[in-house]
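With the hints as constraints, model all of the structure from the sequences given.
Residue numbers (the numbering used here), protein chains in the order written: chain A, 1 to 274; chain B, 1 to 394.
Be aware that one or more of the hints could be misleading.
The calculated lysine to any residue pairs, modelled on SDA-like cross-linking and capped at a C-alpha distance of 20 Å, are [what the hints assert, rightly or not]: (1) B/K375 to A/E114; (2) A/K121 to A/V80; (3) B/K215 to B/Q228; (4) B/K112 to B/D139; (5) A/K100 to B/L309; (6) A/K14 to B/L309; (7) B/K112 to A/E170; (8) A/K7 to B/M311; (9) A/K146 to A/E157; (10) B/K384 to A/N17; (11) B/K368 to B/F314; (12) A/K7 to B/L309; (13) B/K264 to B/F364; (14) B/K112 to A/A18; (15) A/K14 to B/P381; (16) B/K215 to B/E63; (17) A/K14 to B/K112; (18) B/K384 to A/I27; (19) B/K375 to A/K146; (20) A/K252 to A/I207; (21) B/K269 to B/T358; (22) A/K7 to B/E313; (23) A/K9 to B/K215; (24) A/K50 to A/E114.
Hints are computed from structural coordinates only; laboratory data are not their basis.
All values derive from a computational prediction rather than experimental measurement.
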Amino acid sequence: MWEYTDKVKDHFLKPRNAGEVEDANAIGEVGSMACGDALKLSLKVDENGKVADAKFQTFGCASAIASASALTEMLKGKTVEEADKITNQDIADFLGGLPKEKMHCSVLGRQALEQALAQYKGEQVKEKEGEIVCECFGVTDLEIEKAIRENDLSTVEEVTNYTKAGGGCENCHDNIQEIITKVRAEEMPVAKPTLTNIQKIRMIEEIIEREIRPSLKHDGGDIELIDVVGNRVLVAKRGTCAVCHASEQTFKNLVEKKLQELVLPELVVEEVPQ
Amino acid sequence: MKTIYLDNNATTQVAPEVLETMLPYYHDFYGNPSSAYSFGGQVGRKIQEAREQVAALIGAMPEEIIFTSCGSESDNTAIMSALSTETGKAHIVTSRVEHPAVKVLSTHLSDKGYRLTEIPVNREGQLDMDRYQESLIRDTAIVSLMWANNETGVIFPVEEAAQMARDRGIIFHTDAVQAAGKIPIDMKNSTIDMLSLSGHKIHAPKGTGVLYVRKGTRFSPFLIGGHQEKGRRGGTENTASIIGLGKACELAALNMEEENTRVKSLRDKLEKEILGRVPNSRLNGESLNRLPNTSNISFEFVEGEAILLLMDEFGICASSGSACTSGSLQPSHVLRAMGVPFTMAHGSIRFSMSIYNTEEEIDFVIDKIPSIIEKLRILSPYWKPDEQACTTGA
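Here it is in structure tokens:
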């Protein structure tokens, strides 16, 4: 049995806004009965550009019904611009989370919303672009790429949970893996925020003070930070450390390990002769 | 809230008589049946009695009964044994609708280089006997066909199939986990070589299984260890549960008539009333050759997991073949093999009864199901009551 939050259960047992908005001017229809879930979202956007009414019809499991119900609640009173910012993760969060295998229910909500808003703005409702990767569920490479980017996915299983792609005959698993590798490679360079030099030095000082100096002082030793050049940390031994040759390797390892762990993995510690 | 348990093909309650028989073997007679002293030996004698009770249910000899830990272990043992004893043969024949214990194992073996033929079924879930006969070749090491299907209750003609295998010198195994205790099984007048059954489907505890191996059948053990089960299955016996399983088999033989009369009539009533009251619903699986306790019904335009959760609100327990409940994204392999349209398979519900169900319970379910389906259909974008109401019972 799936573990649903109380909020999912509540929206499933007492769905809000079920049905169709009579004078809807934004309609999104996604999914199919063969795929196991489908959603028709109908919205009435008023003259001020605000969602005056929102209703849904869902064919699907409890979390698909709850996701659609939640989405209509989230949409009411929002401007079109605000509505467009609602992500599938926002829908899941609104419900207190969804089981990972059920995330595709929230994606279905986001897809229906996109389609409805496009219709409202008078944009040509886009035909599915890209190449079909998953034949079983008719999922394209572009949809898979989008899900990977928006939800930071890194495994085939996660892609299946979010898009259903690969959940049928599994023949496309290699292709999905290729798409993941491609998208992740693009993202690598910006993956980690870099430290400014001044931030790096402050952090190194702090770690030495808090994590390293106390254990050295215990044995009557000490350490002094001389300079930081790029990722080279130049230090000098003080106190008993300075005369204890046996400790040379231990000293370098201890300091370097701590700094790599707590500041930056690329740091290298070098001892400056006194 | 009272629980109405209509999921007896998933598991069953332990019969009170079974539990009573078992309890002394936890607190008083906990000895190891292999021990030399009489404190252990008396447990060994009781296990022998259980072996006789199991043998009696299926018309076998006690020495043909091997106790295992579950139906899956029995299935695995049978297939792996045949592949090991039938040296030089590398072909396996099963059906498309087998339980995962056979289906996943045989797929796994085909990945390892064995050749696998899965016999198709028709829309009624019946085995294609022509295709079956053609599939039996010199290279075939084993045939494994289920006696009755867990999802639809459809019964395969295993006796006929076993005879065809025997004529060609091929070992025949049947997974009789759903059939045992519900329909008569008589190994004396059969050519089936190996048969699996499971305790928890017949009111014994979970963690017990049986593999019947016909005397004279070549056999190679799966679990290798001690001399238990005459070296055919190592590991200290699950004494209390085995003793309980013996009692459960005795009860099953006594209750088989009730299963095929009272339980069957409850099942028939539930089925007839639901199909009559809910438009766009249909029965999956052949009506005649079917277990007396099982009914698999599809409700168009709605999804199975949602149905189960609304039933749960009334304490009604059943199963679904929908994607969301099958643990994958596709609906049940059994319904797909039968060519049930996806639109129907996603909304399938299996009701499976036992002798503990009452008419009152069935009436309650009959009363609740139509409104549950109606509630979900109102939410469904595909449900157009005006257009579809006239196709009732399609």
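Checked hints:
no.	hint	in the structure
1	B/K375 to A/E114	violated (28 Å)
2	A/K121 to A/V80	holds (9 Å)
3	B/K215 to B/Q228	holds (17 Å)
4	B/K112 to B/D139	holds (16 Å)
5	A/K100 to B/L309	holds (19 Å)
6	A/K14 to B/L309	holds (13 Å)
7	B/K112 to A/E170	holds (18 Å)
8	A/K7 to B/M311	holds (19 Å)
9	A/K146 to A/E157	holds (16 Å)
10	B/K384 to A/N17	holds (18 Å)
11	B/K368 to B/F314	holds (8 Å)
12	A/K7 to B/L309	holds (15 Å)
13	B/K264 to B/F364	holds (17 Å)
14	B/K112 to A/A18	violated (51 Å)
15	A/K14 to B/P381	holds (17 Å)
16	B/K215 to B/E63	holds (8 Å)
17	A/K14 to B/K112	violated (50 Å)
18	B/K384 to A/I27	holds (18 Å)
19	B/K375 to A/K146	violated (35 Å)
20	A/K252 to A/I207	holds (15 Å)
21	B/K269 to B/T358	holds (12 Å)
22	A/K7 to B/E313	holds (16 Å)
23	A/K9 to B/K215	violated (55 Å)
24	A/K50 to A/E114	holds (15 Å)
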